[in-house]
Structures are given as structure tokens and as C-alpha cells.
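Line order of the protein sequences matches chains A and B. Start counting the first sequence at 286; every next residue gets the next number (my numbering). Start counting the second sequence at 286; every next residue gets the next number (my numbering).
Hints may contain errors.
Since the list can't tell identical chains apart, any single copy or any two copies may satisfy a pair.
[Claimed, not checked] Derived BS3-like pairs (lysine-lysine); straight-line CA-CA distance at most 30 angstroms:
#1 Lys432 <-> Lys360
#2 Lys311 <-> Lys424
#3 Lys424 <-> Lys372
#4 Lys311 <-> Lys360
#5 Lys432 <-> Lys400
The hints are simulated quantities; they were obtained by calculation from the structure and are not laboratory data.
Number of protein chains: 2
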Amino acid sequence: MIDLNIVLFDGFETLDALGPAEIFGKLQDEYTLNYISINGGSIISSQQLSVNTVAFAEIDDTGILLIPGGIGTRKLVNDSEFISELKRLANKAPYVLTVCTGSALLARTDLLSGKRATTNKVAFEWASSNGLDVKWAKKARWVVDGKYYTSSGVSAGMDMALGFISDINGNETAVAVARGIEYIWNTDARNDPFALE
Amino acid sequence: MIDLNIVLFDGFETLDALGPAEIFGKLQDEYTLNYISINGGSIISSQQLSVNTVAFAEIDDTGILLIPGGIGTRKLVNDSEFISELKRLANKAPYVLTVCTGSALLARTDLLSGKRATTNKVAFEWASSNGLDVKWAKKARWVVDGKYYTSSGVSAGMDMALGFISDINGNETAVAVARGIEYIWNTDARNDPFALE
């Protein structure tokens, strides 16, 4: 049993966070889901969803970290307190998963430096500008480099989450989860229909 | 501009509600998203997500209604007050969309009687038992009958939401939304990889 700590902030993209939450939530004997924000309290997504969260300080920081993207990242990349706290959590986490422009936040912690990563393709230029020494993949549904899993835009986070579960819990488990939620899983991390090149 | 009223209840399936919310939320000039529950307040999903909602009584009941499924439906199908309130909203709504076992709740209002509908395939027997005079489709990603859109399990709700947008707002709009969230849209309502037959 391990914690999955899902980082939320005002202007997070709903599906970036909650697509993977749906998937990990199907393995309740393996993962405990926590919805967290820097100060706790209610957080509003870009789709007007109000979610109650617990503060970073209150969680078990040895859990897996999931970082969504969204319009809120545009401001947060320049929020040194947030980035510093995110770096502390990411350093302790056994795995860090990002979706969409969540990779821009992680890049700002410098933990992706020299590593392969991807991000969404619509905002690729902006996102990748947050980590000039990251090896950004222009064609990838998701990328794994050590403990870092980074995915392409929004929906790609679900494919990555299943890919992570396949790596950690076994492919049969991932296939069963996808089937249980009737999800047509794009199993190939290299199959990126939205690639820039 | 029209309201999309998303019905939440304890034990709703996260992605049933929030996959479509992601999609409709991309058309902020067309749809206003409201997260509602019978009495308002915080509601907990099956994936431990705590969402703040407004009460049924407080909303504009002429909006489109979206009804997710989830384990919470097992109890609610026998909650006559809830079903009665749901029927009131569904009667007024110009369109009613259900995802997964959300169709079991709608079937209990009798509004699906004699109509074609679908539901998820894993819990097909239970869900369909809630509407013996509904023409349940065993093979369909989603089904449209008049103002009622019913989808198969969990992830199928996203394909249906895009199908609805294609019908109402035009196919180009739906394609653009899918592309914006890098979603590999299963555009064919008849293409159901999880069909029972």
C-alpha cells in the first residue's frame, strides 16, 4: 500500500489529475489517493470543479507524486515557494508522474535536468521553455526516465497511468483496470497521434 | 450559453462525471458547468475525491443534465426521494446524458421506458434490471434516443460527450476539443470494444 499524492492548484486541468485518479483508484489495495495543495482547502479547476484538499505539510511525503497541468501552471512556474515545496516532495517521492504542462512545473525544480521528458503538444514551446536542459521528446505519448514519468496532453495521462501500473503492478493488472473502465488504452508510449513532427 | 448540471452523489465514479466535464468545460462560451447534489455540500467519489456541490433546489433546472454512475447508484435506485427529484430535473432538461450505471438511475424515473439506451457492460445485468421496459443495447459505445444520450462504461462518457457536442455544436468543434485535450476519440457510437455479444 502506497500513497498517491495528487497535487492540485487553482486552474489545474480536471482530467490531467482525475483521469489518472480514476485509474489508480481502481487499485484500492495498492494505492491510497490523497488530493493535496500547498496550503490545503478548496481548489478550483479550470472546469469550475471545487475540490477539498489537504496541505502539503500534512501528507506522508514518501508517496508517489502526480502533477497535473493546466492554465494555473503559467503563474506557478514563477512561484518560488511553490516550486521549492514541489521539489521537496518530488525528491522524496519514489516516482513522480506529470501530465501535460505539469512537466513545466517539474522542470522548474531542476529535477528533470538532463533527463528525457515530454509535455503536451499544443503548449509545447511554452512548456519546454521551462527546462532548457531537459531532453524534450516531440513525439511521445509518455516518456519514462528513471523515476520520472511525463506524459503528453491531458488524456495522455490516462495512458501513462496505465503504463505505470503495467510497469509496477504487471501488465495483466493494467489491462484489467482499462477493461473495467471500458477505456481504449493506447498501450504504446511511442504512439503519439498529436506529435509535432 | 446553457447550463450543464452534473449530478453528484456519494460513491459516484470520478471519470463518469469529470471526463465529460473536461470536454464541456473546453467550450466555456457555450456551457456553464454546475456540480450539483440533492442537498448540496461536499460529496465523495469512489476515488476519494471530495467535491463541493450546490443543491438541486438552487440551480436553474432548465439546463442539460449529466448523470454519472458508480457504486453509489446501487443504493440510490431505491431512494424514492432522490429518484423523484432526478425525474423533475430530467423532465425539464432539454437533454439528459448518462454515463455507465447512471442509466440505471434514469431508468428508475421511468423516462427511458420504451426508449433505446445503453449502460456499462461489466454491470449490464444489474443496470438493465432497473428498467425492464427499456430497449437496452448490448453493443453500443453510446445511444441517442430523442433527448436522451446514454453511454457505456466510464470512459465511454467522453466519447458520448464529444458525440453530443458534434450533434449540437458541429463536428468541427468536437474534433477541435478532442485535439485540444489530445484525446483519441472513438467517433463511432456503434464501435464498442467491450460489447457483450
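For each hint, the structure was consulted:
1. For a Cα distance limit of 30 angstroms, the shortest separation of Lys432 from Lys360 inside one copy, 26 angstroms, qualifies, whereas the shortest one across copies, 41 angstroms, does not.
2. In this assembly of identical chains, the alpha carbons of Lys311 and Lys424 lie at most 30 angstroms apart whether taken from the same copy (29 angstroms) or from different copies (24 angstroms).
3. In this homomeric assembly, Lys424 and Lys372 come within 30 angstroms of each other (Cα to Cα) only inside a single copy, at 26 angstroms, whereas the closest approach across copies is 47 angstroms.
4. Taking the closest pair of Cα atoms, Lys311 and Lys360 come within 30 angstroms of each other only across two copies (20 angstroms); inside a single copy the shortest separation is 33 angstroms, beyond that limit.
5. In the homo-oligomer, the alpha carbons of Lys432 and Lys400 lie at most 30 angstroms apart inside one protomer (10 angstroms), although the nearest pairing across protomers, at 50 angstroms, exceeds that limit.
When held up to the earlier numbered hints, the structure conflicts with none and fits them all.
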